[in-house]
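Protein chains: 2
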Amino acid sequence: MYHRPPVIGEYLLRKLQSYDIEHIFGIPGDYVLRFYNLIEQSSIQHIGMTREDAAGYAADAYARTRGMGAACVTYCVGGLSMVNAVAGAYAEKSPVVVISGAPGIKERGKDALLHHKVRDFHTQQRIYDEITVATALLDEPFTAFNEIDRVLDAVYRYKRPGYIELPRDMVDARGTLYQRPSTGGHLSDPDILDAAVEDACNFINQSKKPIILAGVELHRFGYQNKLIHLVEEKRIPVVATLLGKSVIPESHPLYLGIYEGAMGQEDVREFVEDSDCVIILGAFMTDVNLGIYTANLDRTRSVYATTEKINVRYRAYDEVTFDDFLDGLNSPKLRRRRKPNLDWALKGREPFEVKPNAPLKVNRLFQHLNEFISDELTVIADVGDSLFGAVELDIHQHTNFISPAYYTSMGFAVPASVGAQFSMPDTRCLVIVGDGAFQMTGTELSTTVRYGFNPIVVVLNNHGYGTERHLLEGTFNDIGCWNYSRMPTLFGAGRGFHVRTEGEFDEAIKTALAETQHFTLIEVELDKLDTSPALARLAERMSGTV
Amino acid sequence: MYHRPPVIGEYLLRKLQSYDIEHIFGIPGDYVLRFYNLIEQSSIQHIGMTREDAAGYAADAYARTRGMGAACVTYCVGGLSMVNAVAGAYAEKSPVVVISGAPGIKERGKDALLHHKVRDFHTQQRIYDEITVATALLDEPFTAFNEIDRVLDAVYRYKRPGYIELPRDMVDARGTLYQRPSTGGHLSDPDILDAAVEDACNFINQSKKPIILAGVELHRFGYQNKLIHLVEEKRIPVVATLLGKSVIPESHPLYLGIYEGAMGQEDVREFVEDSDCVIILGAFMTDVNLGIYTANLDRTRSVYATTEKINVRYRAYDEVTFDDFLDGLNSPKLRRRRKPNLDWALKGREPFEVKPNAPLKVNRLFQHLNEFISDELTVIADVGDSLFGAVELDIHQHTNFISPAYYTSMGFAVPASVGAQFSMPDTRCLVIVGDGAFQMTGTELSTTVRYGFNPIVVVLNNHGYGTERHLLEGTFNDIGCWNYSRMPTLFGAGRGFHVRTEGEFDEAIKTALAETQHFTLIEVELDKLDTSPALARLAERMSGTV
Numbered sequence: 340m341y342h343r344p345p346v347i348g349e350y351l352l353r354k355l356q357s358y359d360i361e362h363i364f365g366i367p368g369d370y371v372l373r374f375y376n377l378i379e380q381s382s383i384q385h386i387g388m389t390r391e392d393a394a395g396y397a398a399d400a401y402a403r404t405r406g407m408g409a410a411c412v413t414y415c416v417g418g419l420s421m422v423n424a425v426a427g428a429y430a431e432k433s434p435v436v437v438i439s440g441a442p443g444i445k446e447r448g449k450d451a452l453l454h455h456k457v458r459d460f461h462t463q464q465r466i467y468d469e470i471t472v473a474t475a476l477l478d479e480p481f482t483a484f485n486e487i488d489r490v491l492d493a494v495y496r497y498k499r500p501g502y503i504e505l506p507r508d509m510v511d512a513r514g515t516l517y518q519r520p521s522t523g524g525h526l527s528d529p530d531i532l533d534a535a536v537e538d539a540c541n542f543i544n545q546s547k548k549p550i551i552l553a554g555v556e557l558h559r560f561g562y563q564n565k566l567i568h569l570v571e572e573k574r575i576p577v578v579a580t581l582l583g584k585s586v587i588p589e590s591h592p593l594y595l596g597i598y599e600g601a602m603g604q605e606d607v608r609e610f611v612e613d614s615d616c617v618i619i620l621g622a623f624m625t626d627v628n629l630g631i632y633t634a635n636l637d638r639t640r641s642v643y644a645t646t647e648k649i650n651v652r653y654r655a656y657d658e659v660t661f662d663d664f665l666d667g668l669n670s671p672k673l674r675r676r677r678k679p680n681l682d683w684a685l686k687g688r689e690p691f692e693v694k695p696n697a698p699l700k701v702n703r704l705f706q707h708l709n710e711f712i713s714d715e716l717t718v719i720a721d722v723g724d725s726l727f728g729a730v731e732l733d734i735h736q737h738t739n740f741i742s743p744a745y746y747t748s749m750g751f752a753v754p755a756s757v758g759a760q761f762s763m764p765d766t767r768c769l770v771i772v773g774d775g776a777f778q779m780t781g782t783e784l785s786t787t788v789r790y791g792f793n794p795i796v797v798v799l800n801n802h803g804y805g806t807e808r809h810l811l812e813g814t815f816n817d818i819g820c821w822n823y824s825r826m827p828t829l830f831g832a833g834r835g836f837h838v839r840t841e842g843e844f845d846e847a848i849k850t851a852l853a854e855t856q857h858f859t860l861i862e863v864e865l866d867k868l869d870t871s872p873a874l875a876r877l878a879e880r881m882s883g884t885v
Numbered sequence: 340m341y342h343r344p345p346v347i348g349e350y351l352l353r354k355l356q357s358y359d360i361e362h363i364f365g366i367p368g369d370y371v372l373r374f375y376n377l378i379e380q381s382s383i384q385h386i387g388m389t390r391e392d393a394a395g396y397a398a399d400a401y402a403r404t405r406g407m408g409a410a411c412v413t414y415c416v417g418g419l420s421m422v423n424a425v426a427g428a429y430a431e432k433s434p435v436v437v438i439s440g441a442p443g444i445k446e447r448g449k450d451a452l453l454h455h456k457v458r459d460f461h462t463q464q465r466i467y468d469e470i471t472v473a474t475a476l477l478d479e480p481f482t483a484f485n486e487i488d489r490v491l492d493a494v495y496r497y498k499r500p501g502y503i504e505l506p507r508d509m510v511d512a513r514g515t516l517y518q519r520p521s522t523g524g525h526l527s528d529p530d531i532l533d534a535a536v537e538d539a540c541n542f543i544n545q546s547k548k549p550i551i552l553a554g555v556e557l558h559r560f561g562y563q564n565k566l567i568h569l570v571e572e573k574r575i576p577v578v579a580t581l582l583g584k585s586v587i588p589e590s591h592p593l594y595l596g597i598y599e600g601a602m603g604q605e606d607v608r609e610f611v612e613d614s615d616c617v618i619i620l621g622a623f624m625t626d627v628n629l630g631i632y633t634a635n636l637d638r639t640r641s642v643y644a645t646t647e648k649i650n651v652r653y654r655a656y657d658e659v660t661f662d663d664f665l666d667g668l669n670s671p672k673l674r675r676r677r678k679p680n681l682d683w684a685l686k687g688r689e690p691f692e693v694k695p696n697a698p699l700k701v702n703r704l705f706q707h708l709n710e711f712i713s714d715e716l717t718v719i720a721d722v723g724d725s726l727f728g729a730v731e732l733d734i735h736q737h738t739n740f741i742s743p744a745y746y747t748s749m750g751f752a753v754p755a756s757v758g759a760q761f762s763m764p765d766t767r768c769l770v771i772v773g774d775g776a777f778q779m780t781g782t783e784l785s786t787t788v789r790y791g792f793n794p795i796v797v798v799l800n801n802h803g804y805g806t807e808r809h810l811l812e813g814t815f816n817d818i819g820c821w822n823y824s825r826m827p828t829l830f831g832a833g834r835g836f837h838v839r840t841e842g843e844f845d846e847a848i849k850t851a852l853a854e855t856q857h858f859t860l861i862e863v864e865l866d867k868l869d870t871s872p873a874l875a876r877l878a879e880r881m882s883g884t885v
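Chains as they are written, first to last, in my numbering: chain G, 340 to 885; chain V, 340 to 885.
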């Protein structure tokens, strides 16, 4: 394969490329400069962000849409600034590789107080042990390649982050090629697989009104086609979780909408909860995902399959992979049903009529925005009403909706748009973000200017932490007021609008869609207490537990 | 003391107040709202920042200047966003108390997938175990008060951060008053103390040219007066470390300057390295602090005392407190010396003459800035040349210089100014920050607007990561260009200047000093490769190891 073994930094870059990584997001620092130098010589492009957490969010969005992403930072001051972003990727199963520079192994003698060190030289790795599936310190050349393989394999297999610490005196050290024995992957036990498939098919075949609840793992592991096959061949209707939104094109005739318990649409909720057989595939049973546990799904009438477990009602089947189980459901053992009657769900939306002078309201804003959703747009929703409102948007293609719907970390969306844009150059990002979240990471728009991107950023300005106002109000929910629409002045590029009425919004969004040469920021002035219907329902449920 | 035991949240607030804490920095979130509600009812003021890491930096600066600081955030998405700031406080011994909301104990059953959770419910606490001296999860009322006491005692005693996790269903739970046995503090063994003091005094008394190297612990533990007494009574001249800058008023006649090995002033270096007795007090022997190990101090001619160890040459003395040891040095056992001849150091600065049309250069900029330093200003330096240049400023009073000189995390300064301002309302902050660091946290100026502060922020714009350019150049050191002086447009307040010549800077800084009603940002246009003399020397030393 190689004439002679490459140096460790080079091997790492080649392995990343073999996972389709063409961009690495990050910020340099002295402990990682030597590796940055190698990146610059390679065909991977380094993307400079303004902050490390933003680099983490960008790598996360890249990973979600491309299968793997990478961020590269310096020791501690860099790596520890990215902990929250990587924790979010862990929680939501996004395969992000974190590469951190570090003091050289030879510098570490006598517990030297080198700059950026916290307690001891292993502090950062121990922290990453908590938020990744695998970590490695490449502290000597003999095992380095093997360690790189181990971490990347784990990231690929579990779709969770991994951590590689590369001391600066190891970057140019020549490694030892080592033919790692193939782990052979995770295989099903054929007998248990048969039993599981038979049990599930019998249960589904006997049911009167089965429905599939599709979750985000179908997307992360690339099983969307298996899902579509199952839906179309067996004629079983499908709903998605919040985190799984757009795992199936939302225009599909058998797709009914997002199921999120009492938080979501009433007719969807009823259909799912009346079902005698809910086939839950690749979904995390999380609180926000399922409407703060208002979801009413019991195990006596469900099949629940993920990459971590396969359950048919109360029976668990170990040693069965999700992949094989999905193939089993797609086999002739599961009968093709009659075409379900879904007329109630196909009523279609009323066309939206702009009332030019009407003040903007969250609910109507999203209906309005829905008119402009197209195949070319990727919607990236931040948390709070940016997320709850965006649930209502009809996403035409799969993978065109990205949000931190489980971990719900504020400030994800703007930096994530940078990663999505590099991953999918033909798309245009529509970012929806609240004012509080925008104050956290909105200046990352600077990076979109730098690389010539053109996101449309809708800032929902309700003057504070809106979701919290509905749970418990106090002055702590107030924030400073920015002139968001003046951001272009700061960056010397882009277009800003500050809109208060439906007519103004209509004009702004149309201009934004027409002007593709730069970012457009639309600050939408909202009433402090205005909410989407979903948030209103959520707040009612949650305020008891706050 | 109390008629009946208070609720846990209330007890925590009262204890914080007993440590002189009047402000808590943070961002609310649903898991911490109930505690925020209690803060709002108390006499402690909540200070809303735009981001959690900024809250951490503000609490750090507050802690450095007041003796203890506190930050309050929500679970994981908040707490994990503050890891780097708290790690910096740990590395530089700043007593910051982190209070994190968390899911209620009753909600945690069956490993529920509540939002914001990463791997399990203890992930965040385990991460904080790595970057604090004590952590506590207040999971039941019987031990809660005791646990709060334990963490705060440790923070106070070690001047390092502590972590308290407060599940939302414990905030209003009534605790159990418990008379905690006094730990009695850390006491010296009288015989070992005598031996240590005698050994040190003999060594110093016999020396010809002793000098004190004063470090930051003298400030953190409030021993500045012991230092001044020692210097004045015994007539021993003194230098400070970079991190200890301003631990003694820099106008003191026995103060010679900052010692930082080959990175610093040559005459100071020679004086220290020619000394036959260097008395190192409360200094961290770190790399940047000591000029990347170019410092030439050997143990045969040093007394090295900190809160962690007491060494006289090669002899270590256990069970001796720093406090008692300092008192020992201040006793008659150490002789009063003749007045040292320090004429060489008292040459004074040449008055700075502005060359109105001369383009700005880092070196002259700091000489120029020095003309404006007064007792009313607190200088807060970010990293890189903001720090190395600021070393040259003459700080008149102690505690009026704040910087992350060991951990050197970019983006510290602007948020830290908010904390310093609340801690010392009579001061005005002069913030010096590079363009790269400003892009990380500069929007925290929004918070200064919100609370009516008036920092002067000098942005050294050398178009990228300047320190790194001198270590290893590449396109990765470039960053996007902002119109920094337009920040006032974004916030609707403040004043901005963009200056290129000495004359323009002179006018800008004078205007800034005169206009006390708002922040002033002065963007200083510098050449990409211009450096302070200290950075040039540092880069020369470091470029070999990058």
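Calculated from the structure, these hints are not laboratory results. You may find that some hints are simply not true.
Since the list gives no way to pick out one identical chain from another, each pair is judged satisfied if it fits inside one copy or across any two copies.
Only pairs whose alpha carbons sit at most 25 Å apart, straight line, appear in this in silico DMTMM-like list of lysine to aspartate or glutamate [said to hold, decoys possible]:
| # | residue 1 | residue 2 |
| --- | --- | --- |
| 1 | LYS867 | ASP468 |
| 2 | LYS565 | ASP511 |
| 3 | LYS445 | GLU731 |
| 4 | LYS849 | ASP666 |
| 5 | LYS565 | GLU843 |
| 6 | LYS867 | GLU379 |
| 7 | LYS849 | ASP637 |
| 8 | LYS648 | ASP459 |
| 9 | LYS573 | ASP845 |
| 10 | LYS849 | ASP662 |
| 11 | LYS678 | ASP765 |
| 12 | LYS700 | ASP657 |
| 13 | LYS445 | GLU812 |
| 14 | LYS867 | GLU446 |
| 15 | LYS354 | ASP637 |
| 16 | LYS445 | GLU692 |
| 17 | LYS354 | ASP478 |
| 18 | LYS672 | ASP845 |
| 19 | LYS867 | GLU537 |
| 20 | LYS648 | GLU446 |
| 21 | LYS849 | GLU349 |
| 22 | LYS672 | ASP359 |
| 23 | LYS445 | GLU879 |
Practice prompt. Compare the structure with the hints numbered earlier in the document and write down the numbers of the violated ones, lowest to highest.
Written response: 1, 2, 3, 4, 5, 7, 9, 10, 11, 12, 14, 15, 16, 18, 19, 21 and 22
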